[in-house]
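Novice: Same order as they appear, the protein sequences are chains L and B.
Each residue of the first sequence is one higher than the last, beginning at 1 in the numbering used here.
Each residue of the second sequence is one higher than the last, beginning at 1 in the numbering used here.
There could be a bad hint or two in this list.
The list makes no distinction among identical chains, and a pair is therefore deemed to hold if it is satisfied within one copy or across any two copies.
Said to hold, decoys possible - Only pairs whose alpha carbons sit at most 20 Å apart, straight line, appear in this in silico PhoX-like list of lysine-lysine:
| hint | residue 1 | residue 2 |
| --- | --- | --- |
| 1 | 23 | 439 |
| 2 | 580 | 282 |
| 3 | 486 | 544 |
| 4 | 529 | 27 |
| 5 | 410 | 486 |
It should be emphasised that the hints constitute simulated quantities derived from the structure, not laboratory data.
Number of protein chains: 2
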Amino acid sequence: MEKQSKLPSANLTKRRPFSSTLKSRLKDTFFPDDPFRSFSGESPSGRAWSIFAYFVPILEWGSSYQLSHFASDVLAGITITSLAIPQGISYAKLTDVSPIIGLYSSFAPPLVYAVFGSSSSLAVGTTAASSLLLASSIRDRVSPEADSEKYVYTVFTATFIAGVFQLALGIFRLGILVDFLSRSTITGFMGGTAVVIMLQQLKGMLGMEHFTSKTDLISVMRSVFSNRDEWKWQSALLGVAFLVVLLLTRRLKEKVPRLFWVNAITPLLVVVIGGVIAFLAKGEEHGIPVVGDLKKGLNPISISELQFNSPYISVTVKAGLVAGFLALAEGIAVGRSLALVKNEKTDGSKEMIAFGLMNIVGSFTSCYLTTGPFSKSAVNYNAGCRTPMSNVVMAVCMLLVLLLLAPLFKHTPLVALAAIITAAMLGLIEVHEVRRLFKLDKFDFCVCMAAFLGVVFVNMEVGLISSVALSVLRSLLHVARPATHKLGNVAGTELYRDVEQYPDSTTIPGVLILQLGSPIYFASASYLKERISRWAEEEENCTKEEGHDLQLILFEMSGVAAIDNSGIGMLFEVHRMLSKRNIRATLINPGLSVVEKLVASDFVDVVGKEWMFLSIGEALLGSRLALQEAKNHEEQV
Amino acid sequence: MEKQSKLPSANLTKRRPFSSTLKSRLKDTFFPDDPFRSFSGESPSGRAWSIFAYFVPILEWGSSYQLSHFASDVLAGITITSLAIPQGISYAKLTDVSPIIGLYSSFAPPLVYAVFGSSSSLAVGTTAASSLLLASSIRDRVSPEADSEKYVYTVFTATFIAGVFQLALGIFRLGILVDFLSRSTITGFMGGTAVVIMLQQLKGMLGMEHFTSKTDLISVMRSVFSNRDEWKWQSALLGVAFLVVLLLTRRLKEKVPRLFWVNAITPLLVVVIGGVIAFLAKGEEHGIPVVGDLKKGLNPISISELQFNSPYISVTVKAGLVAGFLALAEGIAVGRSLALVKNEKTDGSKEMIAFGLMNIVGSFTSCYLTTGPFSKSAVNYNAGCRTPMSNVVMAVCMLLVLLLLAPLFKHTPLVALAAIITAAMLGLIEVHEVRRLFKLDKFDFCVCMAAFLGVVFVNMEVGLISSVALSVLRSLLHVARPATHKLGNVAGTELYRDVEQYPDSTTIPGVLILQLGSPIYFASASYLKERISRWAEEEENCTKEEGHDLQLILFEMSGVAAIDNSGIGMLFEVHRMLSKRNIRATLINPGLSVVEKLVASDFVDVVGKEWMFLSIGEALLGSRLALQEAKNHEEQV
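Chain L with its partners taken away, still in its complex shape (with noise of 0.2 Å):
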């Protein structure tokens, strides 16, 4: 007993109470990065200004901007708006809206982000996924062609409601949600969106005039081929040369990464050039349909033209949501990773809340729902820019663009625009990535899909949510199911590792060591009864043959990390199923959390605070004293 008491063992005593740790499982889960952390040592009046700054960065950046900082914003700038007029007038085509609300939106919604933003290399603007979410979801009940009006502020009002709702996700730092898209789900996703977006273009590639509401391949399909009268040669043959060059520019970027300006500017050359052709060889009488006219102006006040009391005011919201998430799935990702490449932070909530604001003026001033996309924030990285104001510089010369340039764009064939968004489209699809999943992890691989086809053949909602269910399910049968091993000595080591791992190791007649997953849940207690008393057994019938008795059974719990009430019962009903057949139940190293509510639970007492231990050597040295004192004990009596 002198020697067991010498032993170090497992601690028992150590106790929180319940407020603080409920105040660190909020913080884990709603402030993981514990933005507040370095403004402690400040004054209160120099915190609250801390903290203020912090929500609202143009006052961090703009206190310290340089003029070296200034030259690099504005090339940065000045090409990123090269960008956002072919990309905002394509997409706005692909929403059904007028090309003009495209270039409208690359003007109010940076601005704001140039206030409320945090990511020094994000570039704002529309994106061709949320594009077509809103409008197939609301083109179904408001027609784009027959009250284009209403279409459209009804378009500004799905807006408004994504707005409010990623402030709302921001206030309330509910940024755990956007972590249940998985990459698997974004890789699939995107990929269908591009092959539906793709299959869209068909109707600019083609010159076509009638085209499906849909958007799934076997209904866009029919749709082409069933009018095949109104192809044009013409279109097509542009649509493939504009491609071809598009494509080429983006080998050329891959080849020679300096030139990616190159690539940056070459949609709005296209747009260029292709509204010279058309105009020259006045293409709208020879098969090449344009965009038509662009009223020249700064965006006109939308804020009293919000459709609250439509009848569709359902299918609104829906969209807004949908769409509203989506949007912020891609603008955090999109900051997360530029932060990780300039290695800086990030607080994903307090994005939220700037690209809630954003919409909400937005949907003010006649904008439609804008993030931060890939393709246009790495130009704007590339490019060298260094803080927001690159943004306020392409809010600038859109500016420009909207009162003296825009009726310039009537003539954009819109062959061009189909031929940008494909060849960008082009870029979603990685099929390496899926590859990749296909070797690595096969249920990621199915979550993939799943996104993939879903939004393929059905719609884009349904690709969404049958993969993250998909990944739900994954989590839920990870709590029900959590993995037991069976752990053995490594030889010519103190170590006991999982025996199937290292299948040298050796174990120990008559003592059976498993060690537990986590959690300890409802879900997963019956099934580790189950699976404890099936481990008995076959470990029982083993060392009988050998002419043993299973005397000790070892629980390692260095990994289980909770434990509910349905654990605990679990804990004693194993522990009386065990104390029938005469096995002692031991305990390795329970965490704290888990020793709490052994504790607690009385569960300590009646397995006998001597049975938990610090290490499986210590309890196997341990173990052996007291079950030898036990069986001197009977001896005795």
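Fit chain B to the given chain L structure using the hints.
Specialist: Using the frame of chain L, we list chain B on its own:
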């Protein structure tokens, strides 16, 4: 280097083929108890027979049935019949069907269970919760008063659907679904249901004629007090008297457990005495309503009356699914807990098949939803039953009752039934358990209260669903925010443990040891990245004050049971982030399934094989050597 290569290192070569991983995952998910493991040594034909006998347990226990078993089973069978009569009549009233159907339901289903059921102590019968659930779902659409025939056939149809659902769950081995009903949910749900059912008994206790068809507290209270003129003091007096007797005998059982049979037959006595009183006092004329006419004879066949083409089929299906699921959960839980006491094995999926067949046959023979109720099964166990033969004995007794005695029960006063139900329900409210939950686990307490309050104030479905949703949310939160701990060296040992739990443990300057939680999935990947970066920053600040640099982070991964594609991506990003800060990332003891993915994704090559260790001690030694060597190399260059 010599020394390092002698150290045992993490096994990175062991690989399992995908098919075997999949097989073991599927087995753990669907066959956690591995029911066929004992047959593996037999010949093919012997094995086929064993498997057949496994699914038809009567072949197993019937072949070794002995006369001594029979004596015990007859005694138990008669005891449970004495409970089955009053319970059958009472719960049938709760379902708004004729009392005789309650008696039918204790005839056919027990015979089916005796053939396919594997629990030796489970007694088949109707339960209060699923009776009320069926009634409250269906009577909103089909009125039991206006069209009683249609109503009763709709109930049979719901029973059929419940049976098919149970059978399907069993065949596809989806017992895992039942695992998602936690103990806390069941405690809250049963308590809430007990309250709601007692409220319904106010009708019978007060002898009222009009009553609400809703079940929530507020509707019932309004209904009771708005019809105060219907209250009958004779009923109330008799009801209270019966209730006192019933509660006293329960108290007797608690004090003197071997007198359990007094408690078991009291309900029958109450029915008989109540009937005699009502008959002698002409109760019906004096404010004591009675059950009314009951036909003599066996169950009529109802298979051709099932209502599949009714306009209420969607309600019927929903009622069948929810009630079937609940009944299943109760039956499985009863089977499991009795098996635990008797140290037998249970196979949840096999039980589901038995329940499903029993309800399908039941719906064909004028029985409604049955399962293995807690109360009846406990009496069966206490009465010393040995095999499912006790169910056969009960069925035979019920046959005699139906053929000979049924008409006698027409005098049973409704208030006697109300008292029996009320007394039974009082036993289901576990105040003690709720108090324990509050002490042990605040979240489990919330889960329990969600079920309780949902059932009492809204309805049974809402209570059940909100409680399960909360439990699932908890599981998802666990997956999204796995715990990370900083480890330190426990004084006087070579062990490294959580510094929060072991405050005396010491850290090593320049080295941070982090224990990562499980699993590393998409939902936790970006959280972990932020958290690790925060740990590293805090440690850097600490070590800088002491004049050191943070050189090394050890990720202790023993507890990480699974990692997915997003998790692997996170590791790459963390490694890159740390490399930029000149900090070495080192992995300790990654498990088999993690290693497989680390290798497949080339992470091992990026980090370097030499930075994967089997234990912390070895990592400290090994990485010191490697860092030293790298430094020497630099100096030489």
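Novice: The structure should be examined with respect to each hint, and the outcome stated for every one.
Specialist: Hints, one by one, checked against the model:
In this assembly of identical chains, the alpha carbons of residue 23 and residue 439 lie at most 20 Å apart only when taken from different copies (18 Å versus 41 Å within one copy). In this homomeric assembly, residue 580 and residue 282 never come within 20 Å of each other (Cα to Cα): the closest approach is 94 Å inside a single copy and 57 Å across copies. Proximity of residue 486 to residue 544 under the C-alpha cut-off of 20 Å is restricted to the intra-copy arrangement: shortest distance 18 Å within a copy versus 42 Å between copies. For the identical chains of this complex, residue 529 and residue 27 are inter-copy neighbours only, at 16 Å across copies versus 33 Å inside a copy, given an alpha-carbon limit of 20 Å.
For the homomeric pair residue 410 and residue 486, neither the shortest alpha-carbon distance inside one copy (72 Å) nor that between copies (63 Å) is at most 20 Å.
Violated hints, listed in ascending order, are 2, 5; each of the other numbered hints is respected by the structure.
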